[in-house]
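Participant: Next come the chains, spelled out residue by residue.
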Amino acid sequence: MARAGGPVTVCVINLKGGVGKSTISALLARRGYTTRDLDVLAIDLDPQANLSQGLMHNEYKSFLGEQRPSIVEVFNGYIPPTIAASTPTPLPPNATFEIVAQAGTRSLQLIPSRFDFSDNLLGAVRPDPKTLARYLSLNFQHKDLIIIDCAPTESILTTAAYHASGNVLVPVKPEYFATIGFPLLQQSLDNFRNQNRGHHISVAGVVVNNAFYDGGNNGGPEKARAMKEIRAESKKNDWPMYTNEIYHSRGFPKIMRGDYSYPGNAQYFFTFADEFFRSIDL
Amino acid sequence: MKSRKPLLNELLQTLVKEWGHEEVAAALAGTASSSGDSPSRRAGSSKLRSSRERVRLSATDQIQQATLEGEQKETLLQLAERYDRKQFLPSVADVREFLIMMGERPVGMKDRSEAFRILLRSLMRLPADRLQQFARTALHSGPSELGPLSDAIAAAGDRLPRQRQANTD
Chain A
375 MARAGGPVTV
385 CVINLKGGVG
395 KSTISALLAR
405 RGYTTRDLDV
415 LAIDLDPQAN
425 LSQGLMHNEY
435 KSFLGEQRPS
445 IVEVFNGYIP
455 PTIAASTPTP
465 LPPNATFEIV
475 AQAGTRSLQL
485 IPSRFDFSDN
495 LLGAVRPDPK
505 TLARYLSLNF
515 QHKDLIIIDC
525 APTESILTTA
535 AYHASGNVLV
545 PVKPEYFATI
555 GFPLLQQSLD
565 NFRNQNRGHH
575 ISVAGVVVNN
585 AFYDGGNNGG
595 PEKARAMKEI
605 RAESKKNDWP
615 MYTNEIYHSR
625 GFPKIMRGDY
635 SYPGNAQYFF
645 TFADEFFRSI
655 DL
Chain B
7 MKSRKPLLNE
17 LLQTLVKEWG
27 HEEVAAALAG
37 TASSSGDSPS
47 RRAGSSKLRS
57 SRERVRLSAT
67 DQIQQATLEG
77 EQKETLLQLA
87 ERYDRKQFLP
97 SVADVREFLI
107 MMGERPVGMK
117 DRSEAFRILL
127 RSLMRLPADR
137 LQQFARTALH
147 SGPSELGPLS
157 DAIAAAGDRL
167 PRQRQANTD
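Line order of the protein sequences matches chains A and B.
Residue 375 is where the first sequence starts when you use my numbering, and the numbers rise one by one after that.
Residue 7 is where the second sequence starts when you use my numbering, and the numbers rise one by one after that.
With the rest of the complex left out, here is chain A:
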């Protein structure tokens, strides 16, 4: 059943790469669906399409080969001509996109990305950054949770993610250059708020994605230095920090590949996930 206030939409962003945005997006989407019984939509706004591959696995190959609808078509507003239909066709309002999992009336759906996404948009006359928000407001009000995985560079896609979201989740790795993306992100959010006064968007929290092996080595002085900087920068921006860190684990890349055999410390992802869902009232 749809939530009374519509879906909670969260964009996962850090204007620094390699902090685990796609992995965290995929795991939160899956966990929201499996253990919180939520109706979930995941959106891949990154042309690298790692979230898409992490949720679709081998099926991503068929998606590309069959040229099925993606985020590109959402922004374009139509499906281009195919062998079957030699004219552009409207994107159906109830386009199902990819159904990763389904149980009764709930599902975990994905609007996947393609590597030519940014290329496709840049080639167009300035795309409207409100397109995604408009599309979601018309077609996905029945969802409980919408998770948007953003690209690490600021572009029109970042603005599109802000327009579609009420919450921001910021993953960070406690390592050298940890907070390099923070001032950029704060500036980017401030600019957006100034230009869109009626839009409420807040940082739900900063989550530490531990880069260090914890079997006797939890990062030592380097992690301590980075953590100090993360805390200071978060406080400066008035961003809350999650109490639970995400443990370092080789299980995460395995899960993203679709190998569920032995998750290792990745099984403790729930400690952060539960705190996250509580923070956004889900």
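FYI, nobody ran anything at the bench for these hints, they're computed from the structure.
Take the hints with a grain of salt, since some may be wrong.
In silico lysine-lysine, BS3-like type, Cα no more than 25 angstroms apart, as pairs [claimed, not checked]: (1) A:610 to A:628; (2) B:92 to B:11; (3) A:628 to B:116; (4) A:609 to A:628; (5) A:628 to B:92; (6) B:11 to B:116.
Let chain A serve as the given structure and place chain B on it in line with the hints.
Facilitator: Same frame as chain A, now just chain B:
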């Protein structure tokens, strides 16, 4: 009265896992002859053996023997064949994850061939279109193989220059 057959099956499975089917069957035959077992009880043992054999049926055989028909049976057969070839849910961990994604809470599932029986119950509840989607797609074909994915990305990339060329013409 509750049937004791499942308990007997479980005990037999343990024995077969440890000593193998032939050795257990031979031992049972020996026990029967030494204890002067009646023909009716021997027949009972034989029934249990065939029950044990059913446990080891392939996924395809299970579908063939199930009371299914029409499109549902056809689709389930396709899936079962892929399951037997390990092209659909290739490990027991995949089956467990699949069931979790179907909204179930599988516990104590350790053997892939045994798991199909549980999986089948879930698959039979699915609407036809969803079932066909599983049969048609590689959504649950196990861990990503990056080679074919790279090829698909390259093939999609090959299409782009021609499109760009066409745009500039």
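Participant: Hint check: residue 628 of chain A vs residue 116 of chain B, CA-CA at most 25 angstroms. Holds or violated?
Facilitator: Answer holds: residue 628 of chain A to residue 116 of chain B is near 20 angstroms, not above 25 angstroms.
Participant: Is residue 628 of chain A close enough to residue 92 of chain B, meaning Cα to Cα at most 25 angstroms?
Facilitator: holds (19 angstroms)
Participant: Starting from residue 92 of chain B, check that the Cα of residue 11 of chain B is at most 25 angstroms away, please.
Facilitator: violated (30 angstroms)
Participant: What's the verdict on residue 609 of chain A and residue 628 of chain A, does the C-alpha distance respect the 25 angstroms limit or exceed it?
Facilitator: Violated - the C-alpha atoms of residue 628 of chain A and residue 609 of chain A are around 34 angstroms apart, more than 25 angstroms.
Participant: Given the hint that residue 610 of chain A pairs with residue 628 of chain A, does the C-alpha gap stay at or below 25 angstroms?
Facilitator: The given pair, whose Cα atoms are some 36 angstroms apart, is violated under the 25 angstroms limit.
Participant: Is residue 11 of chain B within 25 angstroms of residue 116 of chain B, Cα to Cα?
Facilitator: Given that 25 angstroms is the threshold and the Cα spacing comes to 21 angstroms, the pair holds.
In this structure, the hints that do not hold are numbers 1, 2, 4, in rising order.
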